[in-house]
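Asker: Sequence:
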Amino acid sequence: MANHKRILSSYTGKLTPAQQKRVDKFIKPGSHKWTAQWSGDNNRILFEITRGKQKLEVNLQQHTCTCNMWQLSGMLCVYAVAAISKLRVRTAEDFVSPLLTMDAVRATYNVCVKPVNSEEFWKEASQPKPDPPRITRPVGRPKKRRSDAAHPPPQPNGDKVRSTFQVTCNKCGKKGALLQDLQGSTFKT
Numbered sequence: 001m002a003n004h005k006r007i008l009s010s011y012t013g014k015l016t017p018a019q020q021k022r023v024d025k026f027i028k029p030g031s032h033k034w035t036a037q038w039s040g041d042n043n044r045i046l047f048e049i050t051r052g053k054q055k056l057e058v059n060l061q062q063h064t065c066t067c068n069m070w071q072l073s074g075m076l077c078v079y080a081v082a083a084i085s086k087l088r089v090r091t092a093e094d095f096v097s098p099l100l101t102m103d104a105v106r107a108t109y110n111v112c113v114k115p116v117n118s119e120e121f122w123k124e125a126s127q128p129k130p131d132p133p134r135i136t137r138p139v140g141r142p143k144k145r146r147s148d149a150a151h152p153p154p155q156p157n158g159d160k161v162r163s164t165f166q167v168t169c170n171k172c173g174k175k176g177a178l179l180q181d182l183q184g185s186t187f188k189t
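If you read the sequence shown in the working numbering, its first letter stands for residue 1, the second for the next number, and so on.
None of these hints come from the bench; they were simulated from the model.
Idealized CB from N, CA, C, for every residue including glycine.
One or more of the hints may lead you astray.
Between beta-carbon pairs, the in silico distance windows are [what the hints assert, rightly or not]:
1. R106 x K144: 28 to 38 Å
2. K114 x R44: 48 to 58 Å
3. S9 x N117: 20 to 30 Å
4. P98 x F121: 36 to 46 Å
Only pairs whose alpha carbons sit at most 20 Å apart, straight line, appear in this in silico EDC-like list of lysine to aspartate or glutamate [to be verified]:
5. K21 x E124
6. K86 x D24
7. K53 x D41
8. K5 x D103
9. K28 x D131
10. K21 x D41
11. K25 x E93
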């Protein structure tokens with residue numbers, strides 16, 4: 001944490017470095033493809049963003065856009081940047097969520113985590129030690145928990161699979177052959 005605090009203390013931008021890169025590299029270049037038109041309200045907060053037949057609505061006061069990306073991420077979308085650039089009063093960075101600004105990051109790293117001594121230097125507490133939680137067993141016989149890996153999947157023709165042991169026939173001596181299977185054949189006894 002101390003390293004992050006030292007690195008971020010020298011940064012002077014309004015947004016965090018990752019968010020500033022995102023705005024400069026992806027959002028601002030894409031906003032030039034869209035045309036913003038003021039809707040005519042008194043506060044100049046409603047804009048209609050158009051490109052060909054596509055139309056979207058941007059409200060700068062409520063920080064909303066029809067695409068919902070601005071509401072979901074807190075970061076501007078290309079449509080909001082097009083409306084802000086038409087306004088020419090404030091920068092796009094002023095409309096980003098306060099959670100993505102350097103002030104929020106500095107507030108996060110403002111707290112100092114104090115070091116903790118090893119166990120041999122701990123002071124003995126005067127309170128009694130906490131007891132482990134009581135484990136109450138349910139009434140009745142516990143259910144058997146069998147794993148699926150121990151049992152092979154059933155065969156597609158519906159026959160049961162004998163997985164416990166191999167049967168050896170007394171008559172022919174073959175493994176897996178049952179007397180029932182051999183009843184139609186003739187044996188020499």
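Asker: Which of the numbered hints above does this structure break?
Answerer: Numbers 1, 5, 7, 9 and 10, in rising order.
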